[in-house]
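Sequences are here, hints too, so could you generate the full structure?
If you read the sequences in order, they're chains A and B. Take the first sequence: its position 78, counting from 1, is numbered 78 in the numbering used here, and each next residue is one higher. Take the second sequence: its position 216, counting from 1, is numbered 216 in the numbering used here, and each next residue is one higher.
It is worth saying that the hints were derived from the structure and are not from the lab.
Lysine-lysine pairs mimicking BS3-like chemistry, simulated, CA-CA at most 27 Å apart:
hint : chain 1 : residue 1 : chain 2 : residue 2
1    : B       : Lys211    : A       : Lys56
2    : B       : Lys211    : A       : Lys116
3    : A       : Lys182    : B       : Lys211
4    : A       : Lys214    : A       : Lys16
5    : B       : Lys211    : A       : Lys115
6    : A       : Lys182    : A       : Lys197
7    : B       : Lys211    : A       : Lys123
8    : A       : Lys16     : B       : Lys211
9    : B       : Lys211    : A       : Lys46
10   : A       : Lys155    : B       : Lys211
11   : A       : Lys46     : A       : Lys214
12   : B       : Lys164    : B       : Lys93
13   : A       : Lys115    : A       : Lys155
14   : A       : Lys214    : A       : Lys197
15   : A       : Lys16     : A       : Lys197
16   : A       : Lys16     : A       : Lys56
17   : A       : Lys155    : A       : Lys182
18   : B       : Lys253    : B       : Lys165
19   : B       : Lys130    : B       : Lys105
20   : B       : Lys130    : B       : Lys93
21   : B       : Lys164    : B       : Lys58
22   : B       : Lys165    : B       : Lys93
23   : B       : Lys130    : B       : Lys58
24   : A       : Lys46     : A       : Lys182
To give a feel for the contact side, a few chain A residues facing chain B, derived at Cβ under 8 Å:
hint : residue
25   : His76
26   : Arg78
27   : Arg79
28   : Met83
29   : Arg89
30   : Leu91
31   : Ala103
32   : Gln105
33   : Val106
34   : Val107
35   : Gly108
36   : Asn154
Where a beta carbon is used, it is the ideal one built from N, C-alpha and C, also for glycine.
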Amino acid sequence: MISFFNVSKVYPNGVKALQGVSLQIEQGEFVFIVGPSGAGKSTLIKLIFREEMPTKGQIYINGRSILRMRRRDVPHLRRQIGMVFQDFRLLPDRTIYENVAFAMQVVGARRSEIKKRVPEVLKMVGLANRMDNYPPQLSGGEQQRTAIARALVNKPSTIIADEPTGNLDINTSWDIMECFQKINDDGTTVIIATHAKEIVDSMRQRVIALENGKIVRDENRGVYENALT
Amino acid sequence: MYMKMLLLRQAYYIFQEVGRSLKRNSLLNFAAVGTTAISLFVLGVGMLLVINTNEIAKTIESDIEIMVYMRHDLAEEDAIALEPVIGRISGVKETTFIPRDEALKSLVKRLGDELDESVGEQNPLPDAIKVEISDPHEVNTIAAEIEDLPGVESVRYGGQDFVKKLFSLTNWVRIIGLLLITLLGLCGIFLIATTTRLTIFARRREINIMKYVGATDWFVRWPFLLEGIILGFFGALLAVGVLYFSYGALIAKIQETITFLPLVNSTLVLLRIFQGLLAVGVVMGAVGSTISVRRYLRV
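Below, the structure written as structure tokens:
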């Protein structure tokens with residue numbers, strides 16, 4: 001569960017990225033975060049991930065305060081959260097299998113565990129037959145699915161994606177969203193910051209809309225734009 | 001137990017990464033190892049030089065003695081009577097009376113029979129007293145005091161000036177060596193830091209991903225620290241190797257020609273110097289990589 005209480009973030013250069021944001025995301029929810037560029041979506045994600053600290057307010061992730069967290073506990077917080085980016089962030093000189101296995105090596109997983117888990121996750125995102133290829137040999141959609149597999153491999157409670165379909169065409173975007181839906185069906189919380197109006201509109205999930213650092217709308221089974229605005 | 005297993009598995013990964021990056025920056029690695037080796041070699045040469053000059057100075061100092069020659073017209077009893085007087089001077093350790101007959105005998109023994117014939121029945125040598133002193137630095141004052149005693153013709157002592165020169169030489173070796181070592185040491189550290197920085201730069205994507213999948217700070221840092229330590233260690237190893245063989249060869253050469261020179265050749269002393277150099281190399285590597293890790297690795 002993720003809770004924000006009256007959270008504000010002002011960057012050192014004076015930009016007020018978030019102002020008095022309060023929200024609650026339960027375990028197992030599927031949430032879209034929408035809004036124009038510069039509305040504060042990325043800052044919201046960075047705060048959940050504790051890449052940035054709030055200027056004001058309190059944030060709890062799975063019952064633990066981000067503010068009171070010691071520095072050495074931060075990696076353990078991050079292991080509960082899988083991150084997916086617009087630019088995939090894969091290592092081009094390692095195979096698909098190695099890219100996913102990397103995330104498990106970093107947290108010190110057993111080799112036998114890695115050998116078992118990596119093919120399992122790759123199968124789940126539909127890349128079982130691409131394990132030995134390198135990222136540049138894959139299409140954008142396949143690369144993004146590799147990144148999703150990597151985010152998922154350590155069994156996080158939450159997957160956060162920042163513009164995951166920003167670099168993909170519409171058909172591929174749908175594949176990716178289906179992939180997220182499947183992950184969510186297994187009980188993982190999914191939070192997606194996106195501009196993909198069509199997808200948000202047709203998936204009818206919870207939508208949190210940000211504008212100028214404030215939540216202007218938060219509705220279940222929502223759409224990208226409110227008819228009134 | 002679990003922690004141990006975890007560390008082992010992570011250690012495997014870390015060593016793999018170190019191997020990868022050592023292969024990647026081979027030219028810079030070579031420069032870093034080379035500079036470290038040169039600086040440690042100079043350090044080693046300096047240490048050996050200082051140790052050896054100290055040893056030589058000590059040997060010469062322990063040999064310092066004052067020869068006191070009596071006036072020729074002084075009777076032997078009066079000369080013998082002077083011995084306890086000299087013995088009471090502070091700083092004098094031991095005195096030996098050498099009667100002129102004995103001095104002549106030993107001279108004849110050294111130079112052979114020709115002397116005996118040319119000198120005939122006359123003995124040109126005076127009675128003498130050999131004085132050993134406890135502190136070589138006081139030799140001047142003690143000698144002057146003895147010279148003032150009635151019946152003393154002259155005093156003679158050697159080695160003092162040489163020891164003085166040797167010590168001032170050792171001091172210069174120390175100062176110049178220290179400057180050189182500091183300069184070269186800083187170069188070595190700088191090059192190791194640069195190597196580490198390049199490795200960090202080459203691996204910035206991985207580091208970024210590591211952060212996102214929840215790697216601990218130390219897990220990210222270790223490969224870089226280890227790389228620096230390995231570079232420093234190999235630099236020191238190179239220095240020790242060159243030093244060992246060249247010093248051995250030098251010692252053999254010197255002792256062939258100047259047999260009496262007391263050079264340090266004990267394995268224990270050399271081993272301690274080499275251990276010290278290796279330790280310094282490792283520390284240099286750790287310091288160099290830490291500088292870069294702290295400056296360029298925002299985890």
